[in-house]
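**Student:** Listed below, chain by chain, are the residues.
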Amino acid sequence: MRKVLLMARRDYVESVKTKAFILGLIVAPLLFGGGFLGIAILKKKPDLRDKNIAILDHTGVAAEPIMRAAREKNGRELFDKTTGKQIAARYVFEAVANTADASLALSDRIRSRELFGFIEIWPAALEAPPDEPATEKERDKLPPRAGFYSNAGAIDETRAWLRDPVNRGLHAVLLSRLHLPDTELKALLATVPLEPLSLVARDPKTGRLQEAKKKDEVQEFAAPFGLVLLLTMIVMVGTAPMLSAVTEDKNQRIFEMLLGLATPFELMTARVLAALGRSLTSAIFYIAGALLVLQGMSMVGMVRFDLLPWFFLYLVAHVVMLCSFAAALGAACNSPQDAQNLAVVLVAPVMVPYFMLVPVMQSPNGGMATALSLIPPFTPPLMLLRQALPAGVPWWQPWAGIVGVILWTIGGIWVAARIFRIGILMQGQAPKLRELMRWAISG
Amino acid sequence: MYAVELAGVTKTFGEVVAVDDLSLTVPAGSVFGFIGPNGSGKTTTIRMIVNIFYPDRGTIHVLGEPMNGHRTGLIGYLPEERGLYRKMAVRPLLEFFGELRGGRKVEKEVRYWLQRFDLAHCAERRVDTLSKGMSQRVQFIAAVIPEPKLLILDEPFTGLDPVSADALRDAILDLRRRGATVILSTHDMAVAETLCDQIFMIFRGRKVLDGTLAEIQAEYGNDTIRVTVEDGMAAAGDLPGVEKVRDLGQVLELRMSHGCDPHEVLRCLVTRSRVTSFSVIKPSLHDIFVRIAGPAAEEAADA
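Residue numbers (this note's numbering), protein chains in the order written: chain A, 42 to 484; chain B, 56 to 358.
Keep in mind the hints are simulated off the structure, nothing from the lab. Among the clues, some could well be false.
[Claimed, not checked] Where chain B lies over chain A, by a calculated footprint (3+ residues, C-beta under 8 angstroms):
| no. | segment |
| --- | --- |
| 1 | 47-61 |
| 2 | 300-308 |
| 3 | 396-410 |
Quick caveat, the model's predicted, so the values are computed rather than measured. C-beta atoms are modelled at their ideal positions from N, C-alpha and C, and glycine is treated no differently.
Sequences and hints are given; from them, build the entire structure.
**Tutor:** The structure is reproduced here in structure tokens:
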């Protein structure tokens, strides 16, 4: 153990004082959180230019009520209620005459950027809709009711914005035929918001009922997601250099000298411990930084301190598991190019669960989320995410997950050590997958 | 007392038998030369002694006990494929290797060896800023701190200038005087002849020579003539009883067949050209090596 600790200390000290590690600490949050930061910045700096929308109304009665509903919506959403500052784009409408080539003329105006888009309302929009067609083909055969033409991309928030005033306008036309008083008309057209609320609970000390609180949806998304993002980032910062470092040391013929003093298993263990040290260093750096920032924003209350022991447990398991594989793969490589090609194999167990975060968040206790979070390479991020969500997980699942991860890690280290032992002195052509498997099985 | 004992050791890599039923004893306190052509099994044998490879069959004892991972600290090892942490400074690097082997602080020894090899001024320089010769001396120091009981050096003189080579030779002999056993693998036959107490040669994984230089040469007898003739090779063709003629530049080396009389050879040469020197000697280690592992021997072995 003395030799392992000595080699681990050397590897740790030499790696944390490199520019790559220090830069990695700074760059990783930008890399992983950059997308969300961009969205946040864009939300704070919305496009405030007017959006000109034309209405081509074949009913002859819908354009005016739709424009009225849109103006009302504009009035509600255009300005911040406390600061009075404009926070959204203003929608400016015009009704156009219904001529034979009106659609083409309006399309040309969109192309020349005079218009943002135009709405076309057909008479069927004011008729009782037929029964919901069973297939897409049957739906295509139905007469058109309303459409929105634009040059915008598939994810267009304008169309989503317009859906409400168009429907309100059409409902207003239909309701006007009933000659109802204005107050009833207003009540009929009003949208009732569905408030997100937490569960009602009883205070265990006083026995009093605790009222449900209004949930902060951003906070409920940000806290678990941030925790998993942090785990993924730290694991990547700690393990990513391992593959190339082992290959580099192999190319510089350092291992033979070391193998005269320590066993391959000791050598690999030292490497893994050094990587673990690197990961824990970055974990302390990031967690301290995050707590300071949240303290400054008076949001430290959103931190789930009860999950920190699990966080560190998953971190240690994930880093040990990936670093063992990285050491084995690095030992099997003969050049930095080989290492680069194999990096994708190493990154997969980190990135695959990263892309599954949204479906897991949508149904954290569904069958798929549960099954995925019990697959050992995916357990650390996905189980942690499920634990961090308000619904929580059955008590046994994190324990089952961690047992799986530990067994998987022990198996991984055993296989990796066998590949590492043979690979580090092997020169020449890089081994094929079959050969790696033979090394792993027969040693 | 033997420093190293190999008994019936065999190591194979797939279909290739790298070392075949090798038995060997290295006397304690000796400088023991390992010679053999490339790919003959020298490095594999050394790697088994230092516990990097495990033998498929046979046993290895080092300093009286079976070799295992806990005894690596007794051995100083300078591999043929040299490698150091290039970004580390010399002093911390040597302290690291010394502490790894000895399990204790080694600052004093590091200072001593750096001074001895005229490297004290480089102590804080990074390894990648050193010349090849300097790195090689640093690597040698890494192998001898703290002083090992068994030192294994694989081609230690390669790439060294004569001054550095002399310093290294002196260091090896000093270590032997202080009780260390040195196994020296080399392709330089002159080094093996002058530095080694005993020489072992491996060819195609099998032992082909083992003994002192005198014992080895005695096996071949006085079958070599060194002669200087004015007409050189032109005068040495078809000499009676001469099997092979080798042109060494200023001197010709003639190998006599069994029962050949050197006086007959001299008499014949004098009739052909002016002879300025003539001596009957034992074959050199170089010559013995070539006889065992040269192209003719390879062909014979393949047949």
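**Student:** If a hint holds in the structure, say so; if it does not, say that too.
**Tutor:** So, going through the hints one by one against the coordinates:
1. 47-61: holds (count 4)
2. 300-308: Since three or more residues must qualify, the claim that chain B covers the segment 300-308 of chain A holds, with 6 doing so at under 8 angstroms.
3. 396-410: n = 0 at 8 angstroms, threshold three: violated.
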